[in-house]
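Asks: Given next are the chains, with one letter for each unit.
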Amino acid sequence: MPEPLPSDLEQMIVSLREPVAVDGTVRERVLQAARRHGVPRPRALPGRWLVLAPALAALIALVFVLPTRHEATVPRLTPFVLTAPHAVRVAVVGDFNDWDPHATPLERLGADAWGVMVPLRPGRYRYSFVLDGSRWIADPAAPQSSDDDFGPRSSVLTILPRGT
Amino acid sequence: MRNSDAAMVGHIARQSDRDSPREGLCHVTPTDSEVIARVLAGEVDAYGILVERYQRRFTRFATRLLGNHEDAEEALQDAFLRAYRALARYQDRQRFGPWFYRILVNRCRSMLVQRRRRGLLERDFSREPMSRVAHQPDGDPAWLLRHLPVDQREVFLLRYVEDMSFEDIAALTGVNVSALKMRVKRGLERLRRLQKERGYA
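Residue numbers (my numbering), protein chains in the order written: chain A, 1 to 164; chain B, 1 to 201.
Keep in mind the hints are simulated off the structure, nothing from the lab.
It is possible that some hints are incorrect.
Said to hold, decoys possible - Taking beta-carbon pairs under 7 angstroms as the criterion, some of the chain A residues facing chain B (in silico): (1) M12; (2) V20; (3) R27; (4) R29; (5) Q32; (6) A33; (7) R36; (8) P40; (9) R41; (10) D100; (11) L109; (12) A111; (13) W136; (14) I137; (15) D139.
Keep in mind that this is a model prediction, so the values were computed, not measured.
Here a beta-carbon is modelled for each residue, glycine too, at the ideal position from N, C-alpha and C.
Just chain B, same shape as in the assembly (with noise of 0.2 angstroms):
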């Protein structure tokens, strides 16, 4: 299950008619382009079709990018629905997966600005003192993923939780590889200094 939602993820940053899955002899599964051309032709329902490919692919991204599940939900939601009003205007039709992922980044990232603002998300650890980040309470995988600055997060999780290639996670980021090496570097560092200080090494 794990390694084939990572290896779907892998595909995202190079999809293309060529490469897009098909699957089985009965059962022929269409591009992303051909999907967006039957949109744009009047089929409005068969956005469904990306909708249910790529919630299943991000969601967990998601999830653990925001640590809350219902917000993660909500990003994908209003990231399909900004996706679907742009459509028409999106030419490159055969890299949907990069720009969706595009759109929902910036979703979640000013999710998560605007619950800082109103106060309803906690302090922003990831620029605390390590000091005073080692003795908050509780020492489990999203505490201690929270405590990264969001752009390692994301990388990190890209990397390691999505398990996908740095020249993949380029293509889907904009942001070159040398560049990503260092943030996992960075964020590797951070948690292993993390988990040395709660002793969960």
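Here chain A stands alone, though its shape is the one from the complex (with noise of 0.2 angstroms):
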């Protein structure tokens, strides 16, 4: 039996609930840039790829190391820690991730501590911990986003480039 609405808002709501017009080209244009995408794949290496691992990682510490022009956009190993001695499972989500719960998990570092190494480019990023795959909370650590407008409070993080 469905709660009666707030009389005195009640035109206001009826009002709000009108239908909006879909737009049928939404669709078509979602479909367009799936196909330029691909297939999803998971971001783990194929196996192919684990006999090329070696130059890979010669080419990415090249990148590291090298200081070149394009420090601005070379990724930083950023760690998460969490203390949360009650939780099973703990997760960092954010922009970075799409706030994917499972895209990102920390590992148990003690008892009572989480953390995982992330590497984000430079830039500005909100995130949140989600323990036992529902529950989301800030970084008690971190400051709180402050365009923080929706759902569960979230922190912000800025990586600055290298060598600043």
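With the hints as a guide, bring the two chains together.
Replies: Below is the structure:
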């Protein structure tokens, strides 16, 4: 049995419930982009890439050590650490992983602490921790996002380019 | 039309293979996880099924939240693409709806912030004193809604416009029920004050 609408706001709510036209071109635009992107693949490297892993590692090392003008885009390994003694699993979600609770799990670092290192390019990121797959919390050790208008609170992190 | 939409939105938070819609005897509607399996098997165009399904469910919500239909379409399109690119990494395929919702809401939030920074959006009325707000022109529902802080606006829309239960909203947003009820209570109080001061009560 649905709860009755607040009578003094009923007129406003009825108006807001008016259907909104659905743009039929969105589907085709999304599909065109999806076709260009190809079939989604996991980020994990396929087996054949393992053969090239040493060369790939050397290339990454070069990118990290060479003081180039591309430093503004070089990813920096960023630690995410949380004290959560009662959690069974912990993940970090944010702008960098599409807020996917399965993408970046933290590992236990002892009885209470959890942690993970995430390569992030310089920029500003909002993020939260997800405890046991459902409880979203902000990072108690980081400032909260000032533009955090929606949903659970999130924290904000700014990665500066190397050398700054 | 509205009731059926609302009922479908109510399903999103708990959607699973078991309760996903299967309509009619001849036309079996694939569940979200079935569609995702087809996409990951190479049938990219099957993603259009999810686009249609969730665009229908969330267009009104995004439009009311952003106060602008064009922005809502842009946020939806962007959210669909982000979800598509991350599809293979998202393992809980029976809960595509709540996951997509979270991506969409984050896109809406970013869009509001970006527009405000670029000065394209009107002032953030929700942070202004009521006395000043009450002297602004117009009093239509969209205008009133813009004067709610966005976390209250989001829950107000899900509860009263999309007709979802607090339990479903909690599953969708990850915010607990008591916090949601508090947001709705504060939102209603602010709307009532606005209406009273503007003489719309």
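Asks: What are the numbers of the hints the structure violates, in ascending order?
Replies: Hint check: 5, 7, 11, 12, 14, 15 fail, others pass.
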